[in-house]
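S.K.: Listed below, chain by chain, are the residues.
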Amino acid sequence: MSQPVNYNDRPWLDPEAEPFIKVQSVSKHFGDFTAVDSVDLEIYKGELFSLLGGSGCGKTTLLRMLAGFETPSSGSIVIDGVNMNNVPPYERPVNMMFQSYALFPHMTVENNVAYGLKRDGVARSEIDRRVADMLSMVELTQFAKRKPHQLSGGQRQRVALARALVKQPKVLLLDEPLGALDKRLRDQTQYELMNIQERLGVTFVVVTHDQEEAMTLSTRIAVMDAGRFMQIGTPTEIYEFPNSRLVAEFIGNANMFEGRVTENGPDHVAIEGKNPKCDFYIDHGMSIAEGTKVWIALRPEKIRISKEKPANGGINSVRGMVHDIGYLGGTSTYRVQVGDGHLVEITSTNQSRPKDVNPPIDWDEEVFLHWEPSSSVVLTK
Amino acid sequence: MSVPAETVLPAGQSLGFRLRRRLLYLVQHHWRGLVLVIPFGWLLIFFLAPFFIVLKISVAEAIIASPPFTPMIDWVSDGIMHVRIVIDNYAYLWEDDLYVNTYLNSIKISTISTILCLLLGYPIAYAIVRSSHTTKHILLMLIILPFWTSFLLRVYAWMGILADQGLINDFIRWLGYEPIRLLYTQTAVYIGIVYTYVPFMILPLYANMEKLDWELLEAAADLGARPMTTFFTITLPMTLPGIIAGSLLVFIPATGEYVIPDLLGGGNVLMIGRVLYNEFNANVDWPVASAVAIALLLVLVLPMMLYQHIQGKQVEGK
Amino acid sequence: MNGKRPVFLWSVLIFGIAFLYVPMLLLVIYSFNSSRIVPIWGGFSTKWYGELFDSPEIWEAVSLSLKIATVNACFATILGTLAGLALVRFGRFKGRTLFSGMISAPLVMPEVITGLSLLLLFITMQEFIGWPDQRGFTTITIAHITFSMAYVAVIIQSRLSGMAQDLEEAAQDLGAKPFRVLTDITLPLLAPGMLAGWLLSFTLSLDDLIIASFVTGPGAVTLPILIYSRVKLGLRPDINALATIIILVVAIGVIVAGYIMLRQQKQREREQSMTANES
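Chains as they are written, first to last, in numbering that gives the first Met the number 0: chain A, 0 to 380; chain B, 0 to 317; chain C, 0 to 278.
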């Protein structure tokens, strides 16, 4: 078993590292519909890799091609150096945890977990041992003799996980692993899943539509839309440096401003906003021609709101009118109308109680928004 | 299992054992083909082929021989093939008022019976759907239970009720009126058909109503629709698939019905099923019986295809 | 909806149930009538039961019908299950439309037509290949299988399409080859459907008069054929006795089955509420 990936060594940055799963220009068509459109992907050993996207983006189809339930219309999938194109699902070194868990309703928990080992012709005594180990790992030993319908949702999820892991697959595929659980259980299970992955060092490929889940779990995320990858990167990269408006808007919330590059210096870029009319100053250089139309993404939590005019002469700041306030306990969300009807969302932490803020910000008040030169993300597409 | 059976088996194993191994190998490796070929083959031989035989005989001439019809293909001495197709049987059906009237009467009886079944079955299905969980199960069981008892005996039961000395006439006599003729009339046939086929109406209606979103009715009421308006604008259109399925399930078999007109209608009620049966068994006129069958099929082919369409959509549409 | 039950609906419901059951009840009552003329009450008697049990004809017909029904049910279940599997799990194949048409056609085909066409087939086959050399048990069974398998196929089809395909995929994922998936997962899960299909085929066969009377031959008298030949001439008290026995057997069977199903359902509900409390 290899060591799991930690954040200090990042195999995807190492040109020498050999990827464990290689997806090479794979497409999948269903009639006229293209579910996966010529994608390339490299996943390294021990990663917890997420495929993130809305429904119909092709993430499940890609996962099913890794499992072998769909064959690529073109391209190839290589796992651990072996081309998988003509390998049926029952001979692949991967196992899948289904969204519905797909537990066999006519078998006990024990037999569900043992099923895969029996198919491999593992000796009876070893099956018993491995099943017992696995059940104790997912804390289900006392439920071994139960049928799936006698278990709660969380317990079923753990049976499904145990059943897929007991065969010690090279890759574990998880289709919306937390989708069927309620919010509270989901948060808890999320960390359990990470612990198990770290402990066993198995490569996980997770399909999810939940960006929070993807952010928490993954070493890297691939954001998918319409059968293509929009961006592949670590959670931080994707959140802080989205490469397109779509990614910026899909991962978390982002305020978008349209603008035009007015100045392109070696260590800074200046952009003139169109609506609202304001000047953006970015404190690093970029390879962008002057006059290019761009979008600027600003995360709600990166904008500060105050009643006093900031002292930097109107750069990276704009005046507006409070339109809505949403008090969420730990944070408050303000929607501020700037320029010509454009609404900007701001999240601010409630560090002190509202009555202590002197005076509090109220509806229809004039406020000033400002942000750091490093906070804006400039997007060209 | 990919090792050939012979190499695994020591010499001298019994032939039966070897055969079993062979068979096992066959099943394990070609089961997909077998799954398809066995039922498909069965139906081709015992369902499709017979129709072509009926079609063939319906264009032959009746003769006194065994089998009692002329062959379609004659081999004249020099190897010349002689194909004989006689459409006289169909012309005969068309020209003879007896057959035309029988067809029309069958359609009339089954149409009216279908409407009666709908009028009786719709409120019953509705009442079952709206009853509580346990009551629903008991009522459904009560509707299905007659299915499992003999159809013939249920028709027979009505012979006793409708007879001149039967229960209904006893009651009429007790009231002081003249007894009326019920058995061996068209009315008896209607009663018999409604009695035996009303569960076929109730069950599809129930299945359809069970899936309805009853909040829609509350929404309609909330928007100001009176109960009658709600029924005609919401309930009825939404239960239409159930109505169509149930009606076809009553109409199709009722049109070809034999036992009910025979036992309850006596000789007075002409229905195609009965004519076909008699033509074949009493008159031994196979070509005409075959022509009657083909003509009956033509009458029913549209409703049958409609039913299959609905059924197919239901099964495949999950 | 308010809690008040609409009077109209319930009166129709009660009328409907009475309409279904009163004739059967009368059959039972008159089976204990000592008078030979069925509708005229002549006092309580069980003599018709005695007469019924003494008649060897009845016993022969019952045993023939049961034999046919059993063989039919077994074959129809196998063939119908195979057909259902092929239709739901094999996707598109050549001749699928014809196949699915042939599978569901017997459900709505008038019995007189099925009976006539099968008889003509048997006669033709006898003429050309010498088989079946006589009509009776074999021909009736074949005819019954042909229409019973359609009912089984419909049950299996709806079970299969309701059954999530990911169970079968999960088995494959865990290393089961397609045939193994069939025997380990698909068939066990289809078992209740197959049982339902078997029972339905069994009853359909026991109940069939018309197709059997077309394809039967001399000497092979099934129970419905026997009953029919007797009631055609009028009411007979021994037939009432027979009907009473049949109704009794069916009622007991259905009540027991219903009770078992209800208990299983209650248990499942209990277990579900139990697990809800645990988690």
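Certain hints may be false.
The calculated label-pair distances, taken between Cβ atoms and stated as ranges, are [said to hold, decoys possible]:
# : chain 1 : residue 1 : chain 2 : residue 2 : range
1 : A       : R183      : C       : Q271      : 11 to 21 Å
2 : C       : A250      : B       : F16       : 44 to 54 Å
3 : C       : F92       : A       : G340      : 53 to 63 Å
4 : C       : Q271      : A       : S54       : 25 to 35 Å
5 : B       : L22       : A       : N84       : 49 to 59 Å
6 : A       : K117      : B       : L215      : 18 to 28 Å
7 : B       : I167      : C       : G49       : 52 to 62 Å
8 : C       : M260      : B       : W93       : 50 to 60 Å
9 : B       : L301      : C       : Q271      : 30 to 40 Å
Because the hints were derived from the structure by calculation, they are not lab data.
By construction, the Cβ of each residue, glycine as well, lies at the ideal position given by its N, Cα and C atoms.
S.K.: Each hint needs a verdict: does it hold in this structure or not?
M.R.: Each hint, compared with the structure:
no. : hint                        : verdict
1   : A:R183 / C:Q271: 11 to 21 Å : 20 Å, holds
2   : C:A250 / B:F16: 44 to 54 Å  : 48 Å, holds
3   : C:F92 / A:G340: 53 to 63 Å  : 59 Å, holds
4   : C:Q271 / A:S54: 25 to 35 Å  : 29 Å, holds
5   : B:L22 / A:N84: 49 to 59 Å   : 34 Å, violated
6   : A:K117 / B:L215: 18 to 28 Å : 50 Å, violated
7   : B:I167 / C:G49: 52 to 62 Å  : 30 Å, violated
8   : C:M260 / B:W93: 50 to 60 Å  : 53 Å, holds
9   : B:L301 / C:Q271: 30 to 40 Å : 47 Å, violated
Hints 5, 6, 7 and 9, counting from the list given before, are not met by this structure.
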